[in-house]
Amino acid sequence: MKLATLKAVNAARAARRPIVLVTDVETGEERVVHEAAAGDPLAAAVAEQLRKGKSAMVALDGRRFFLTVHVPPVKLVMTGAVHISQALVPLARLLGHEPIVVDPRTAFASPERFPDVTLVAEWPDVALPPLGVDRYTAFIALTHDPKIDDPALAHALSRDCFYIGALGSRKTHARRLERLRAAGFSDAALARIHAPVGLDIGAISPAEIAVSIVAEITAALRLESGEKQARAA
Amino acid sequence: MDLASDTDILARAEAWREAGKGVAIATVVETWGSAPRPVGSSLVIDEDGNFLGSVSGGCVEGAVVTEAVDVIGSGEPRMLEFGVADETAWRVGLSCGGTIRVYVEKVD
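Chains as they are written, first to last, in the working numbering: chain V, 1 to 233; chain L, 1001 to 1108.
Accuracy of the hints is not assured; some may be wrong.
[What the hints assert, rightly or not] With a Cα cut of at most 35 angstroms, we get these calculated DSBU-like pairs of lysine-lysine: (1) V/7 with L/1021; (2) V/2 with V/52; (3) V/54 with V/7; (4) V/2 with L/1021; (5) L/1021 with V/147.
[To be verified] Each pair of labels, with its calculated beta carbon distance range: (6) L/1099 with V/48: 22 to 30 angstroms; (7) V/144 with L/1038: 35 to 43 angstroms; (8) L/1108 with V/94: 32 to 40 angstroms; (9) V/160 with L/1099: 34 to 42 angstroms; (10) V/179 with L/1083: 52 to 60 angstroms; (11) L/1108 with V/132: 48 to 56 angstroms; (12) L/1018 with V/17: 20 to 28 angstroms; (13) V/96 with L/1049: 24 to 32 angstroms; (14) L/1070 with V/83: 36 to 44 angstroms; (15) V/201 with L/1099: 32 to 40 angstroms; (16) L/1062 with V/158: 28 to 36 angstroms; (17) L/1070 with V/191: 38 to 46 angstroms; (18) L/1049 with V/28: 20 to 28 angstroms; (19) L/1018 with V/48: 18 to 26 angstroms.
[Said to hold, decoys possible] Chain V side only, calculated, beta carbon under 7 angstroms to chain L, not exhaustive: (20) 1; (21) 6; (22) 25; (23) 71.
Hint data in this document are derived by calculation from the structure and do not stem from the laboratory. Bear in mind the structure is a predicted one, so any value in this text is a computation, not a measurement. C-beta: ideal position from N, C-alpha, C; glycine also.
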């Protein structure tokens, strides 16, 4: 690999730009292909692997190419500088995700409670737009306070983040759905919200709830939709 | 810095190269059966045998690092294949029963 190629890969990763490194494994010839790779002989395979987020070996005209897929690390945006987020931050880091905590209540969003993490002590309408919520983002609402969680969920629903979760009982969630429906969201859009948040593992403590949340995020990230259905059945 | 993530592994490869060191990248390109690390996992190695990342969870890293140091010397990319470990012959391999193919190339 040429140093220039390695630099291009690292620059794309730093800018959260999805790319595929195509390497001819016989000759060592290589190129970096972006998402809109019109004209590249491997454009279809590149698009397919990017969609799956998985690297793979492919053959074309008797030559073998390895496609190394580089998709951005998961950004984990949460509203609520609460107990569960205190447990979620280190777990997210362990998984290679980038945690960001949003809470306008400065008593909660204090650097003492959340050292060394991106902490935004602003209301969601101010805090969220600059965060670049994208399809590599998992979003979680954890405050229990509709004044904070509702506008945050509305923002997440307007973006294509791959996971949206919201804390609260079925009753709380039913009321939340009513409010969001009144705000103009369709049932199909609202079905994207995982609530009660997290896999059902009988979690009780904040740390256990955090584990159930990152487990559900991992499933959303890694399982193909067919696999998800098969496992749910 | 989280040295377990691919971002930091590749960033370190760039930093090592910029510091004038010989560097190789080893990548899992194919797997059969039960393999410990998914296709696309990588290991970066410098000329002194320092390494970061993983291609197998520890089973074959030693052999990959040795080969990588050769690749840094020759500049020729190499495809390595590892199957089931043969305990009696002390051959390196995967105790999990899978097979992996690892592509090792120098960073020019």
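Evaluated hints:
Distance hint between residue 7 of chain V and residue 1021 of chain L is fulfilled; the C-alpha atoms sit about 16 angstroms from each other, no more than 35 angstroms. Between residue 2 of chain V and residue 52 of chain V, the direct Cα distance comes to roughly 26 angstroms. Compliance with the 35 angstroms bound is thereby established for this hinted pair. Of the supplied pair hints, the one linking residue 54 of chain V and residue 7 of chain V holds, its CA atoms being roughly 21 angstroms apart against a limit of 35 angstroms. Among the hinted pairs, residue 2 of chain V with residue 1021 of chain L is consistent with the structure: their alpha-carbon atoms are about 14 angstroms apart, no more than 35 angstroms.
In summary, the hint linking residue 1021 of chain L to residue 147 of chain V is not supported, as the alpha carbons are separated by about 55 angstroms, beyond the 35 angstroms threshold. At about 24 angstroms, the CB distance of residue 1099 of chain L to residue 48 of chain V agrees with the hint of 22 to 30 angstroms. Between residue 144 of chain V and residue 1038 of chain L the beta carbon distance is about 37 angstroms. The supplied range of 35 to 43 angstroms therefore holds. For the pair residue 1108 of chain L and residue 94 of chain V, the supplied restraint of 32 to 40 angstroms holds, since their beta-carbon distance comes to about 34 angstroms.
For residue 160 of chain V paired with residue 1099 of chain L, a C-beta distance near 38 angstroms keeps the hint of 34 to 42 angstroms intact. About 58 angstroms separates the C-beta atoms of residue 179 of chain V and residue 1083 of chain L, a value consistent with the hinted range of 52 to 60 angstroms. The supplied range of 48 to 56 angstroms is broken by residue 1108 of chain L and residue 132 of chain V, whose beta-carbon atoms lie about 34 angstroms from each other. A C-beta distance of roughly 21 angstroms is found between residue 1018 of chain L and residue 17 of chain V, which places it inside the suggested range of 20 to 28 angstroms.
Between residue 96 of chain V and residue 1049 of chain L the beta carbons are some 25 angstroms apart, a value that agrees with the proposed interval 24 to 32 angstroms. Between residue 1070 of chain L and residue 83 of chain V the beta carbon distance is about 52 angstroms. The supplied range of 36 to 44 angstroms is therefore violated. Taking 32 to 40 angstroms as the suggested C-beta distance range, the pair residue 201 of chain V and residue 1099 of chain L conforms, at roughly 34 angstroms. The hinted window of 28 to 36 angstroms between residue 1062 of chain L and residue 158 of chain V is violated, with their beta carbons roughly 50 angstroms apart.
Separated by about 55 angstroms at the C-beta atoms, residue 1070 of chain L and residue 191 of chain V break the suggested range of 38 to 46 angstroms. Look at residue 1049 of chain L against residue 28 of chain V: about 22 angstroms separates their beta carbons, and that is inside 20 to 28 angstroms. Between residue 1018 of chain L and residue 48 of chain V the beta carbons are some 34 angstroms apart, a value that contradicts the proposed interval 18 to 26 angstroms. The criterion of a C-beta within 7 angstroms of any C-beta in chain L is met by residue 1 of chain V, whose closest approach is roughly 5 angstroms, and the hint holds.
The beta carbon of residue 6 of chain V comes within 5 angstroms of a beta carbon in chain L, closer than 7 angstroms, and the hint placing it at the interface holds. Interface hint status for residue 25 of chain V: upheld, as the beta-carbon distance to the closest one in chain L is roughly 6 angstroms, under 7 angstroms. Proximity of residue 71 of chain V to chain L is violated relative to the hint, the smallest CB-CB distance being about 10 angstroms (cut-off 7 angstroms).
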